[in-house]
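Model the full structure from these sequences, guided by the hints.
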Amino acid sequence: MSKINIVAFVCENHALSALKAASIAGDSLPESVKIVKIPCTGRLETTQMLDSIATGADGVVVIGCLEDNCFHDVGSMLARGRVDRIKDLLKDIKMEPERVEMINAASVSGAMLMLKIRQFEGKLAALPSLPFKGAIK
Amino acid sequence: MIIGERKPVSEIAKMLAGKKKILISGCKTCVAISMAGGEKEVAELASALRLMSARDGLDWDIEENVVERQCEKEWVREIESKILGADCVVSLACGLGCQTIGDLYPEKQAYPGLNTSFLGVPEEQGVWSEKCLACGDCIIFETGGICPVSRCAKSMRNGACGGSADGKCEVNLDTDCAWYMIYERLKLQNRLDLITQVCAPKDWAKSHSGGRRKIVRKDLLIQPTDRTDMEVKK
Amino acid sequence: MNSKVCIMLSDCGACSGIGKADTERIISMLSQESAGSVIMIKSLCGEDARKNLQDIPVGGCDRAVIGQWCPAERTGKAPKMPKSIDPALVDIVDLSLTSDKASKRNIERTVGALSQAAARLSLAEPLKERKIAFASKAVAVIGSSERAVAAARLLAFHGLTTKIIMPQTHSMKAKHLEVIDESNAQCLSGIPGNFKISLTRKGVETETDAAAVLLVGERCFADVNPPKDSKIKVIPLEQFAEHPSGAVGGMVFIDDLNAFNSKAAPVVPAWHTLLEATKTAAKDKLADNIAVVARDVKAAGLLELVWKEAAEAGVKFIRYDDKTRPKIEKGENLISVKDLVLGETLYLQADVLVAPITTRPWEPVFIEKLFIPSDWDFKARSRGPQRGISQSSCDGVFLVGYSNFAKLTDEIEPELSSTIVQIIAMMRQGYHIGKAAVAEITEAKCSACFTCVRTCPYRAAEMNDSWKAVIIADKCQGCGNCVAVCPSKAIELKNCTRPQIAKEIAASMEVVM
Amino acid sequence: MSDVIIIGGGPAGIGAAETLLSLGKTVMVLESAAFAGGVPLDLSCKGDVECTRCHVCMPRDSGSRMANASGLEVVPMAAIEGSSSKDGGTEFKLKISPRYVNIGKCTGCGKCAAACPVIGALVAPPHGAVPNAPYINSEICQHFTSKKCTECAKVCPTGAFDYDEKLKTAAVQGKAVIVATGMDPIDPTGVQHYGYGYLPNVLTSLDAERIIAEHGEIRRPTDGQKPKKIMIIQCVGSRTTKGGVEYCSKFCCKYGLRFARALVERVPDAQVDFLYMDLRTFEPRTEALAWIGDRKNFTVSQGVASVIQKGANNTLLVRRTTASDATIEEGTYDMVILSVGGQPRPETKVLAERLGLKTDSFGFVVSQDSWRGVFVAGSCKAPMDIEESFTDGKATALSVLSHLEVKR
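Chains as they are written, first to last, in my numbering: chain A, 1 to 137; chain B, 138 to 371; chain C, 372 to 884; chain D, 885 to 1292.
A hint or two may mislead.
Distance windows between CB atoms, simulated [what the hints assert, rightly or not]:
1. D:Glu-1214 - B:Arg-192: 24 to 30 Å
2. C:Asp-471 - D:Lys-1112: 49 to 55 Å
3. C:Glu-814 - A:Pro-97: 37 to 43 Å
4. D:Ser-1185 - C:Arg-799: 50 to 56 Å
5. D:Thr-1211 - C:Asp-471: 58 to 64 Å
6. C:Gly-390 - D:Lys-1180: 54 to 60 Å
7. B:Ser-254 - D:Asn-1198: 57 to 63 Å
8. B:Asp-303 - C:Thr-695: 39 to 45 Å
9. A:Gly-81 - C:Thr-695: 37 to 43 Å
10. C:Ala-807 - A:Gly-122: 37 to 43 Å
In the BS3-like style, the derived pairs of lysine-lysine whose C-alpha atoms are separated by at most 27 Å in a straight line are [said to hold, decoys possible]:
11. A:Lys-94 - B:Lys-151
12. B:Lys-219 - A:Lys-91
13. A:Lys-94 - B:Lys-157
14. D:Lys-1126 - C:Lys-687
15. B:Lys-305 - B:Lys-351
16. D:Lys-1110 - C:Lys-650
17. D:Lys-1180 - C:Lys-679
18. C:Lys-874 - C:Lys-375
19. C:Lys-816 - B:Lys-219
20. A:Lys-123 - D:Lys-1110
21. B:Lys-156 - A:Lys-94
22. B:Lys-268 - B:Lys-351
23. C:Lys-860 - B:Lys-219
24. A:Lys-116 - D:Lys-1180
25. C:Lys-573 - C:Lys-604
To give an idea of the chain A side of the interface with chain D (calculated C-beta under 7 Å), a few residues [stated by the list, open to error]:
26. Ile-24
27. Ile-93
28. Ser-109
Derived by calculation from the structure, the hints in this document are not laboratory data. We treat Cβ as the ideally placed atom computed from N, Cα and C, and that holds for glycine.
Structural data, given as structure tokens:
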């Protein structure tokens, strides 16, 4: 399997504590995942997801609180909307929409979150690797 | 304000076939507020196109830019050098903005990056709805301030059609029947007598059916009429 | 300004299975990339090691990234910062997140994580949390129900200056307690610790200040409209005890007055009270004349036993559903209801109709002003479990009872006292923490489109007199939702700016290349 | 002497502890299990994309918030041997069973958990567990059962493991006491006709939770396959005169509905049938869950399951009554989940007697002695769900506060 590279935008609240809990339980994050901490997934803009693909990521995963339990009320809901928008855009330009994913997690569901992240990694690994790797600066 | 919607990127890409230097120009006025052609959308489109060009080796050189009001010559002239420097311009402004660039620099190709959808209002965050057709002959003083021309699917003039059922329009059950709303509004204003009067036909000559419309205010002219328009007179 | 970041990495690395040799490799890899200095430090597990950190030479760097192998939460003690560096510019990276427990292949990831942090930090500003002392010392209770009064008394009893704002007249005397009666709260503005409540008292507009605000939900008697000629007497369930039940012939308890007018949504009745009432009524040998008509007999918990007792005494319990609602028959005092189990329509003699008091929402306007989403019955609680049950989206504003959602009467007492104890804790703390990294608007770019004002979960964005949006730093919680929605890129979230994120992403890629 | 001793670190205990800490009191939590946190530690979050307000994360988050708070002392694996009034407070004699892990030394790196060869032998602390350090289950651990396995000790960077730790005794005093011992799940073995115990695919809700915690998804115990047809039966052990308790356990309706919804969301191709006696949920939100009418693969219906039998190739045959009329329906299922109710723990009665508190016929504590500063919180008073008992704990903190501060 060619080495893939995932940018994970992680919200500082439930998502991060879920990751920490999983790590204490001996369940470690896949190597390909790079964590970028943000105060809330609602902070994230569509361009930032696109650009991280442009700068060489094979996929982007946005991890936020459960909707309606978002620490900042609406953040994760907005984020999901933007992820869907990017999915459409990628489909539109004949790229695989699976490259972008939104995952909601509660602080207590660390194991489940890890499962989802690995599934996402698996999906990405199956996709053909992008011709450009960091071609765009 | 003018509500727009970005064209599919693939469609835009088709226009740009064989181009090298591309200027994407947004507008900070209506389309920015309707989240279709502002600075953000320009950036989004740019990064999408960059992705495409990198993937297909098109080596597009893409420049981003936003104009205060793209429908005004003075503002557009501000970025003259950028426009002249590029092979073509993708305008994320409304049809007016795109044409202004086209008219100012006829030799340059200005492509519309978005579809100018309608004249509407922001209902809530992320929802815009049409409320005016610019028909040129406003009659909402008779209809309790609700425009049946734009808000009724059939532009009915004298009350609801047969398809109106419990306040909803038969064309699309999600939209309210304009004439039902008019009735409610008039009832609220105790002007229900208005609804009983038969209205005379509207003066459609003032609408688009009369061909391209133009308003000339003599009192504002600083030069004779015949040279106000940029294009050659027929 | 050009900033130099100093990266410090502990040499133990035991927790992630990294040997000394690997650590040295990491250090060398880092020093190739980073502009600033890279230092190997002693293990951070020991107290003394944390102290030693203070006088480590940082080679003229003005900010530092400290790589900590063991999860910071677990140890709970942050290392002492190097003297020459502003603590606000030190970033402690929890490397346990990115370390592979099973294998030892952690070198690349560690380098990545550290250089990412360095990249982000290199553009960071030194920001500190601000302690905003409370301008007011008072707690305002808004509500007229007996619970509101009880709450006010409790707060005063615990020595807090308390104001209670209620529409009706109320002669109540207690230490620390000020009764602002015959007055309606109009709008609430300001920040936690310095709220301004503008109210109309006897028609006169006044204003009062408060550090915390407690809304105690109201209940009202839903108006049922029986046919003109019916002589059915409708009694609020809550006042049932006051009515002599002995004389009554037929008595019907209904779970919801809205049952009669088909449009309305169901309310949650006070099942506790209702069942107790039927029980007492049944004691008066009236059981045969008593019927309870309900969607579902929600005798949850130990109420089950009360229900059983009533049922065994002979009280009839009849279920209906929203398709076949009960009807008040014209002419005589009869209520007809289709029993779901028997499948036939029963006619119940109803001289008295006992119905629960329903919940009443706060005026949407007022709720809006309280920084609470106006869709009150679900959204007033929209913080979800994360923020506890009685906190609104604005710190310092609490909602209890029916003001956040319909619930059993006997569930409110604990909710009320738990909120009061929260308020006491808040008041004793005496200050409200203003976030370090808040959003900031570049006025020149703002196009006054109100998008941020609509979006901000904390109502921290406002439009100023010159029609430019401004963000009130003391309210802002630094979530950055406004940043992402602003169409003209006029807003930036400090220490999470666009360049910073871009740089961090770039840094995370470099390692892989 | 600490200000408050809280007996039981469940939602109620945690709620009380956090509140009292925020008021600057010193708190000691006595916990019989290895971690304070209570039932929520065994439960999984019921939300997939949207929060269903199961409130599992509520006490667990506050647990993790106060894990390192000053003024808090948690004594896990403690059993109360005796109690006595002592200078204005209460003293408890404790037996503390060995944990085999030195909490102070553990850095929570998680290497031991990854290294341990036996599942469940070394239990890592789930999110929100206090103390935030693992423990060894000596019944399963190979060091104690068969060969002297020392894998965890080998990988531990700080040498936190001590296999020779012995049972300790201690005496602790507090000015005030909060009894928050909570509830035990009812064991449905007594309900013969459901075949729990000898039909392997008949699980209690907690068994199902354990499977989810282990595999991250629901699986059939017999063949490890994802079940295609699941039935959830409410009111098992509650509202019955034989093989259970007479009262309604209150939390099961909310829990069961949320659990059903979680199953439907996570196993999209599964058919979930939800069978209830009466829906006693109050929030419009949980009601809404019940009215998911348009979902083909999720039915919510009223009725009582009369008997569960073994069907062909390890399926289950469920015979049930229907809501309106008394006709009998039969269906085959891959898995049946019994949503069990709760009952007060037997220890509670003993403790109550020690502290001079009254208990009712079921064993719920019905009195409290605020004069001597003995308070009762949470579901040892009456059936409560997580949120309620968490809130009740906070509420009790108020009466404790007045006991500690207001002069009499």
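Quick rundown of the hints versus the structure:
1. D:Glu-1214 - B:Arg-192: 24 to 30 Å: violated, 58 Å
2. C:Asp-471 - D:Lys-1112: 49 to 55 Å: This hint is violated: roughly 36 Å between Cβ atoms.
3. C:Glu-814 - A:Pro-97: 37 to 43 Å: holds, 39 Å
4. D:Ser-1185 - C:Arg-799: 50 to 56 Å: Check passed, 52 Å falls within 50 to 56 Å.
5. D:Thr-1211 - C:Asp-471: 58 to 64 Å: holds, 59 Å
6. C:Gly-390 - D:Lys-1180: 54 to 60 Å: Taking Cβ atoms as reference, Gly-390 of chain C and Lys-1180 of chain D lie about 57 Å apart, which means the hint holds.
7. B:Ser-254 - D:Asn-1198: 57 to 63 Å: Since the Cβ atoms of Ser-254 of chain B and Asn-1198 of chain D sit about 59 Å apart, the hinted range of 57 to 63 Å holds.
8. B:Asp-303 - C:Thr-695: 39 to 45 Å: At roughly 23 Å between Cβ atoms, Thr-695 of chain C and Asp-303 of chain B fall outside 39 to 45 Å, so the hint is violated.
9. A:Gly-81 - C:Thr-695: 37 to 43 Å: holds, 41 Å
10. C:Ala-807 - A:Gly-122: 37 to 43 Å: holds, 39 Å
11. A:Lys-94 - B:Lys-151: Answer holds: Lys-94 of chain A to Lys-151 of chain B is near 13 Å, not above 27 Å.
12. B:Lys-219 - A:Lys-91: The hint is violated at about 31 Å.
13. A:Lys-94 - B:Lys-157: Since the Cα atoms of Lys-94 of chain A and Lys-157 of chain B sit roughly 21 Å apart, the hinted pair holds (cutoff 27 Å).
14. D:Lys-1126 - C:Lys-687: holds, 25 Å
15. B:Lys-305 - B:Lys-351: violated, 36 Å
16. D:Lys-1110 - C:Lys-650: violated, 48 Å
17. D:Lys-1180 - C:Lys-679: The hint is violated at about 36 Å.
18. C:Lys-874 - C:Lys-375: Roughly 15 Å between the alpha carbons, so the hint for Lys-874 of chain C and Lys-375 of chain C holds.
19. C:Lys-816 - B:Lys-219: holds, 21 Å
20. A:Lys-123 - D:Lys-1110: holds, 21 Å
21. B:Lys-156 - A:Lys-94: Status holds; Cα separation ~20 Å.
22. B:Lys-268 - B:Lys-351: holds, 22 Å
23. C:Lys-860 - B:Lys-219: holds, 21 Å
24. A:Lys-116 - D:Lys-1180: holds, 26 Å
25. C:Lys-573 - C:Lys-604: The given pair, whose Cα atoms are some 34 Å apart, is violated under the 27 Å limit.
26. Ile-24: holds, 5 Å
27. Ile-93: Constraint on Ile-93 of chain A not satisfied, violated at 26 Å.
28. Ser-109: holds, 4 Å
In this structure, the hints that do not hold are numbers 1, 2, 8, 12, 15, 16, 17, 25 and 27, in rising order.
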